[in-house]
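A.B. asks: For chain A, the structure is supplied; the task is to place chain B on it using the hints.
These are the residues of each chain, in order.
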Amino acid sequence: MGNEESERWPAEGQKICVAIFPVRSIFKPDMELPPILRTLTPSELDELARAKRLLENPGLTARLAGVVGKPIEQGFLLLPRGWQSVVNKAARAALLTALSAAVTTIADRRQKHASEKFHKLLVGASGGIGGAFGLASLPVELPISTTIMLRSIADIARSEGHDLGAPQTKMACLEVFALGGKSNLDEAAEGAYWAVRAALAKAVSEAAAYLAEKSIVEETAPAILRLVAAIASRFGVVVSEQTAAKAVPVVGAAGGALINVLFMNHFQDMARGHFIVKRLEARHGTEVVRVAYESLAIPV
Amino acid sequence: MIRQDYLMRLVAEMVQVLARVLSLKQRQEYELALREIDAALRQLGDRLPGSPGESSVEDWIALCRQHAHAGSGLMAAVGELLHQQGDLLALQNKVEESHRSRALSLGLILESLLRGETFVSAQLLAEVDQLLQETRGAALPGAVLGRLFQYFEARGRFAKAEDALFSWLEAGDSRALTEGLAFFERLLNCDDAELERGGLPRAEVVQGRRELLEASRTRLPAD
Chain A
0 MGNEESERWP
10 AEGQKICVAI
20 FPVRSIFKPD
30 MELPPILRTL
40 TPSELDELAR
50 AKRLLENPGL
60 TARLAGVVGK
70 PIEQGFLLLP
80 RGWQSVVNKA
90 ARAALLTALS
100 AAVTTIADRR
110 QKHASEKFHK
120 LLVGASGGIG
130 GAFGLASLPV
140 ELPISTTIML
150 RSIADIARSE
160 GHDLGAPQTK
170 MACLEVFALG
180 GKSNLDEAAE
190 GAYWAVRAAL
200 AKAVSEAAAY
210 LAEKSIVEET
220 APAILRLVAA
230 IASRFGVVVS
240 EQTAAKAVPV
250 VGAAGGALIN
260 VLFMNHFQDM
270 ARGHFIVKRL
280 EARHGTEVVR
290 VAYESLAIPV
Chain B
0 MIRQDYLMRL
10 VAEMVQVLAR
20 VLSLKQRQEY
30 ELALREIDAA
40 LRQLGDRLPG
50 SPGESSVEDW
60 IALCRQHAHA
70 GSGLMAAVGE
80 LLHQQGDLLA
90 LQNKVEESHR
100 SRALSLGLIL
110 ESLLRGETFV
120 SAQLLAEVDQ
130 LLQETRGAAL
140 PGAVLGRLFQ
150 YFEARGRFAK
160 AEDALFSWLE
170 AGDSRALTEG
180 LAFFERLLNC
190 DDAELERGGL
200 PRAEVVQGRR
210 ELLEASRTRL
220 PAD
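Protein chains in written order, with numbering that gives the first Met the number 0: chain A, 0 to 299; chain B, 0 to 222.
Among the hints, erroneous ones may be present.
Here are a few chain B residues that sit away from chain A, every Cβ distance over 12 Å (derived from the structure) [to be verified]: (1) 27; (2) 34; (3) 57; (4) 89; (5) 125; (6) 135; (7) 137; (8) 169; (9) 191; (10) 201.
Interface residues of chain A toward chain B, partial, derived using beta-carbon atoms under 8 Å [said to hold, decoys possible]: (11) 204; (12) 262; (13) 263.
Source of the hints: derived by calculation from the structure; they are not laboratory data.
We put the beta carbon where it would ideally sit given N, CA and C, even for glycine.
Looking at chain A on its own, in the form it has when it is part of the complex (with noise of 0.2 Å):
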């Protein structure tokens, strides 16, 4: 062990000297100035923290074995041959339907009399799903609620200041159905933020450009198909994953709809942590939050 006062430095009394070069003097006239990093203040830090412990929590999987008690894997061999497809058509059914909702009522700010609101949701409820449970309504019951969810979303994002009438917001809303669901395309680790965003990055410029000049959504269009094709391989992951969890028998008889409080939940807390995030990006700009985002430890 040496003596802990020689390694203090600058030692008692020990005088240090600082030269502080003005950050042009170390430039040549010509050289182009690196940008000036703006910082996140201390409360946006907070709320950036705050953001990164919603996107990067332990998922859906680890929650709904917390509450099936036993690993999902064990629901996905309950459920019947060709679960995977029927899940995959769901999706980008579901993604579709909420693609149109977004394109054409996302900012209707108007308060509308509740079944004003739910008409034509429920009306469709009604045509497709009598007594067939579980996988088989699927198909019927994934759009009408990604259409409900996309409107709690859509809440979310405006509550955070988000202009619901901008194309990047309604695409910023479709997004979220992308997080938190680990894609067989994704290297990075499960919640990897940045890494989906990056992944849909080109996909969702493209198409915010094509809703830009359209009004409605031509589900053939290129920009659409790779939207909900990058979105669905996401969001199918997290779905198959609600979807076993209700095969498992005790669950399914008596708790299907408290996974689908979790399944709901868990988007919202997408949704709230990825707009969050857009704020402070739109203040900071992207790279600066990103980092910042990086840099954070991860609250338990």
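C.D. replies: Chain B only, in chain A's frame:
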């Protein structure tokens, strides 16, 4: 993470309670199953103004709404517990108590659907139909009838919505008149095919509106 942990724990506990209740019910241990439900409702309803057994639909809704976005899901879940309670009480021939639990359950599930934040599953819609069957012939509270009226309209079942509206009016709730008039106005703006599909052709809409105005004069207390 306090809110998140709380919700997780709540959901996990409720799944376990429901699983135990179903198992006890299967073994015909109704009293034990009812005790399980009672304990769970007491725990959930610790912030209710009265005891869980005496609290109204509105009290339960207000309690669930404290959980913000998770509120609708919780309403559906509490509704499920109350439905089980109603079934168990019916098995014990406790008709009145059973009806009360089922009516509460129906009110909560309808509210969760109408609030538009819950997952609309086939199971949930079937549960509403089942509760309607089970409560048929007995009076429902005005708070439930008002929601039933909205629900039927939302599902495009206009004739049933009209029936619920008149029952709501009969229960003495003055909101039934204003809501009812607005309902008939909305229907008059629908096309004939939609009205036919809903079981209420245009002539019946006009007649219904007239009857509502007449009924309101005789049944509602003067303001």
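A.B. asks: Far enough from chain A: is every CB of that chain over 12 Å from the CB of residue 89/B?
C.D. replies: Consistent with the label, residue 89/B stays out of reach of chain A, its closest Cβ about 19 Å off (over 12 Å).
A.B. asks: Verify this label for me: residue 57/B is non-interface relative to chain A, using a Cβ-Cβ cutoff of 12 Å.
C.D. replies: Per Cβ check, residue 57/B is outside 12 Å of chain A; nearest 16 Å; holds.
A.B. asks: Quick check for students: does the CB of residue 27/B sit more than 12 Å from each CB in chain A?
C.D. replies: Check passes; 17 Å lies beyond 12 Å.
A.B. asks: So, residue 262/A near chain B? Judge it on the closest CB pair being under 8 Å.
C.D. replies: 6 Å, holds
A.B. asks: Does residue 201/B clear chain A by more than 12 Å, comparing its Cβ with all Cβ atoms of that chain?
C.D. replies: Given that every Cβ of chain A is farther than 12 Å from that of residue 201/B, nearest at about 18 Å, it holds.
A.B. asks: Does the no-contact call for residue 169/B survive, Cβ to all of chain A over 12 Å?
C.D. replies: 20 Å, holds
A.B. asks: Could you check that no beta carbon of chain A comes within 12 Å of the beta carbon of residue 137/B?
C.D. replies: 25 Å, holds
A.B. asks: Is residue 191/B truly not at the interface, in the sense that its beta carbon sits beyond 12 Å from all beta carbons of chain A?
C.D. replies: Holds, because the least Cβ-Cβ distance between residue 191/B and chain A comes to about 16 Å, which exceeds 12 Å.
A.B. asks: Tell me if the interface restraint on residue 263/A is satisfied: Cβ within less than 8 Å of some Cβ in chain B.
C.D. replies: 6 Å, holds
A.B. asks: If I take the minimum Cβ distance from residue 125/B to any residue of chain A, is it greater than 12 Å?
C.D. replies: The assertion about residue 125/B is violated, with a minimum of 7 Å to chain A.
A.B. asks: Is residue 135/B truly not at the interface, in the sense that its beta carbon sits beyond 12 Å from all beta carbons of chain A?
C.D. replies: 20 Å, holds
A.B. asks: Measuring from the C-beta of residue 204/A to each C-beta in chain B, is the shortest one below 8 Å?
C.D. replies: This interface hint is violated because 29 Å lies over the 8 Å limit.
When held up to the earlier numbered hints, the structure conflicts with 5, 11 and fits the remainder.
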